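Trainee: From first to last, the protein sequence lines are chains A and B. Residue numbers are given in the working numbering: position 141 of the first sequence equals residue 156, and the series is strictly consecutive. Residue numbers are given in the working numbering: position 70 of the second sequence equals residue 637, and the series is strictly consecutive.
Just so you know, these hints were derived from the structure itself, not from any lab. Note that the structure is predicted; figures quoted are calculated from it, not measured. Accuracy of the hints is not assured; some may be wrong.
As the list claims (entries may be wrong) - When the alpha-carbon atoms are kept at most 30 Å apart in a straight line, the in silico BS3-like pairs for lysine-lysine are as follows:
no., chain 1, residue 1, chain 2, residue 2
1, A, K480, B, K595
2, A, K610, B, K675
3, B, K675, A, K595
4, A, K564, A, K610
5, A, K266, B, K649
6, B, K675, A, K266
7, A, K471, B, K690
8, A, K58, B, K607
9, A, K404, A, K611
10, B, K649, A, K471
11, A, K58, A, K330
Said to hold, decoys possible - From chain A, some residues computed to sit far from chain B (all C-beta separations above 12 Å):
no., residue
12, G49
13, Q267
14, I308
15, R318
16, P319
17, C563
18, R571
All residues carry an ideal CB built from backbone N, CA and C; glycine is no exception.
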Amino acid sequence: MYRSHVLVCGGTGCTSSGSQEIIRVLQEEIDKNGLTDEVCVVKTGCHGLCALGPIMIIYPDSTFYSMVKPEDVAEIVSEHLLKGRVVTRLVYDETVTDNGIKSLGETAFYKNQHRIALRNCGVINPENIDEYIGRDGYAALGKVLTEMTPDDVIKCILDSGLRGRGGGGFPTGRKWQLAKDLVKGGQKYVCCNADEGDPGAFMDRSVLEGDPHVVFEAMAIAGYAIGANQGYIYVRAEYPIAVERLEIALKQAREYGVLGENIFGTDFSFDIGLRLGAGAFVCGEETALMTSIEGNRGEPRPRPPFPAEKGLFGKPTILNNVETYANIPQIILNGAEWFASMGTEKSKGTKVFALGGKINNTGLVEIPMGTTLRTVIEDIGGGIPNGKKFKAAQTGGPSGGCIPAEHFDVPIDYDNLIQIGSMMGSGGLIVMDEDNCMVDIAKFFLEFTVDESCGKCTPCRIGTKRLYEILEKIINGNGTLEDIDKLEELCYYIKENSLCGLGQTAPNPVLSTLRYFKDEYIAHVVDKKCPAGVCKALLNFVIDPDKCKGCTLCARKCPVNAISGTVKEPHVIDTTKCIKCGACMDNCKFGAIEKK
Amino acid sequence: MLAKKNMVPFKGTKEQEAQLLEVISQLKDQEGSLMPILQKAQDIYGYLPIEVQTIISNETGIPLEKIYGVVTFYSQFSLYPKGKYNISVCLGTACYVKGSGDLFARLKERLGIEGGQTTSDGKFSLTDCRCIGACGLAPVLTVNEDVYGRLTVDDIDGIIAKYE
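Could you put the whole structure together from the sequences, leaning on the hints where they help?
Mentor: Here it is, written out as structure tokens:
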């Protein structure tokens with residue numbers, strides 16, 4: 016028995032902030048102080064508050080230390096662990112009150128969250144199967160194999176109202192039912208889509224890193240339901256920590272007999288293979304993913320036939336996303352009604368969002384469906400940094416759209432987001448402020464899709480390239496009003512004619528910015544101005560003669576000698592020579608240089 | 568540009584070839600084994616020149632043109648050797664809105680190469696990537712396995728200096 020457990024986050028965010036070094040020093044200090052048998056160090060998955068990493072939580076009192084540095088560790092050990100005195104200067108500010116330290120669950124960041132998919136992330140050691148089992152792990156699989164028929168399982172998932180968390184929102188139970196009934200018997204497959212490619216979304220990574228067994232358990236349950244005995248997890252190669260944890264977990268699961276032959280002494284057998292992606296966004300599309308597992312170029316295939324009928328290696332296959340699977344064992348254990356009691360009419364349960372961009376609390380949050388954007392951004396996210404004004408929230412990655420402030424109070428669910436021109440997507444939520452140009456953002460996403468288009472179908476391959484070129488023309492100040500019309504027309508053409516989801520949704524970032532921020536497009540085209548001050552070709556740097564002290568620093572810093580003037584007299588920028596590098600503005604000590 | 572990069576001569580050793588043959592014999596009977604074989608081959612050689620692809624083709628019976636098609640489809644497979652230090656700037660959305668585009672521009676200027684190229688001394692190569700999932704630390708870049716987060720353009724020179 017240990018008297019205290021110290022949890023240190025070993026997720027990608029905190030590892031990038033140096034948590035491995037913290038763990039090393041911590042163990043060293045604990046040994047040095049003779050606490051080896053009293054204090055246990057646990058490397059966990061992600062807690063969600065990545066902005067404050069590296070994160071350390073000390074139990075039983077659950078003190079939350081943030082931004083811990085290796086040189087702080089000795090103090091934490093000698094003060095907190097040895098003498099029982101909290102090191103106040105390292106405690107997360109939000110938890111400090113006049114009456115001492117409040118629990119993490121009461122802070123604005125965690126208070127509005129409800130963790131189902133992330134319930135074990137940051138709580139257990141993902142490299143130890145016993146800790147998963149200690150939190151009801153594999154109990155759902157046991158229940159399914161001993162008490163439920165495959166039809167019971169499918170009915171339970173159907174009744175829960177769970178919809179695909181990868182973005183499509185297709186009812187999960189319906190998918191399973193098709194795979195069970197369309198083709199009776201024979202070889203079938205259960206696949207897990209862990210090719211989380213939407214930039215800015217990292218919830219699947221967190222589940223894989225923080226709670227890998229939940230995915231295995233859910234896949235085995237799915238295998239039992241549809242009659243498959245082989246699963247594949249297709250995980251992106253950019254997630255080395257996730258791959259490592261999955262490999263460790265897989266080995267342990269086989270040793271414990273929860274994967275393999277005759278699980279729990281029944282006649283059900285199920286095993287899982289890992290397949291690594293190699294950096295192709297389109298492989299997140301289900302048919303492309305299967306083509307890739309088969310060892311080919313990851314190009315999508317036309318549907319029908321749907322994977323439930325003819326999927327991996329030509330066999331019936333179900334494919335669900337990591338977060339979808341992470342909900343399954345809890346639904347089995349707590350019942351469909353429990354899950355369906357959360358959320359909105361057509362979107363049940365919770366959704367994990369990755370908050371990023373111009374927001375104070377960047378990180379992962381799991382909220383009940385139907386929570387408003389306002390709660391997410393202002394309460395949980397802690398608002399916009401530096402007193403800037405909110406402009407838009409981007410959801411759905413390169414397939415999604417931008418939500419402006421006017422929809423701040425719309426409850427977030429699948430259908431509402433589509434109605435306001437965006438989509439749930441996998442759950443990236445990037446906040447933009449007044450300094451972000453929406454035309455530039457549209458171009459950014461198009462650059463992404465042009466890059467990632469697999470090239471198989473023409474509307475996507477050539478259409479996205481043309482969209483990109485028109486946006487580039489507008490950003491360079493050469494656009495016309497006709498270009499805006501052409502942009503819109505082409506968007507609809509690409510949406511209607513592309514083969515797969517990538518092409519069908521690629522124009523969304525353009526359409527949604529056109530819908531809500533058309534004035535910015537018009538400013539670029541008609542006034543030749545970029546209101547946010549981002550598009551360099553449309554900017555001029557000017558010196559305010561009232562503020563300029565004539566210190567000559569800008570003239571000396573200018574790489575092209577575009578600034579002239581005499582000492583102690585206001586200087587002037589020659590706009591014909593200026594290359595708009597911004598060096599003068601960065602260096603001016605008087606704030607005399609403006610972008611107009 | 569392509570012609571210049573193609574001039575890097577293949578310097579595979581006997582040991583590397585033996586390792587590769589071992590990997591192929593282990594994996595080739597699995598369904599869909601080409602991707603795992605290519606991934607291991609890239610671990611062994613650092614890249615996948617045509618010579619390595621030819622060995623894989625001969626051993627597995629998969630046509631060379633199919634292998635080449637797969638190698639060129641995925642961005643993680645490289646036909647050319649990378650620098651000793653590969654600098655990868657995240658151009659995912661969260662990093663982009665926080666200015667990673669400026670970091671990338673500064674690196675290009677500082678190293679005198681474009682994205683996808685390697686410096687003439689073979690020391691640095693520069694790539695962009697789409698989200699490593701460390702969005703909480705945006706903007707980020709990686710140098711081989713090291714991650715640097717919460718960066719500004721002014722941090723670039725200091726980072727390069729550590730590896731020079």
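Trainee: None of the hints should be skipped; say for each whether it holds.
Mentor: Each hint tested on the structure:
no. : hint              : result
1   : K480/A <-> K595/B : violated, 38 Å
2   : K610/A <-> K675/B : holds, 24 Å
3   : K675/B <-> K595/A : holds, 17 Å
4   : K564/A <-> K610/A : holds, 18 Å
5   : K266/A <-> K649/B : violated, 33 Å
6   : K675/B <-> K266/A : violated, 43 Å
7   : K471/A <-> K690/B : violated, 36 Å
8   : K58/A <-> K607/B  : holds, 29 Å
9   : K404/A <-> K611/A : holds, 19 Å
10  : K649/B <-> K471/A : holds, 29 Å
11  : K58/A <-> K330/A  : violated, 40 Å
12  : G49               : holds, 34 Å
13  : Q267              : holds, 22 Å
14  : I308              : violated, 5 Å
15  : R318              : holds, 20 Å
16  : P319              : holds, 23 Å
17  : C563              : holds, 24 Å
18  : R571              : holds, 18 Å
Consistency with the previously given hints fails for numbers 1, 5, 6, 7, 11 and 14, ordered from lowest to highest.
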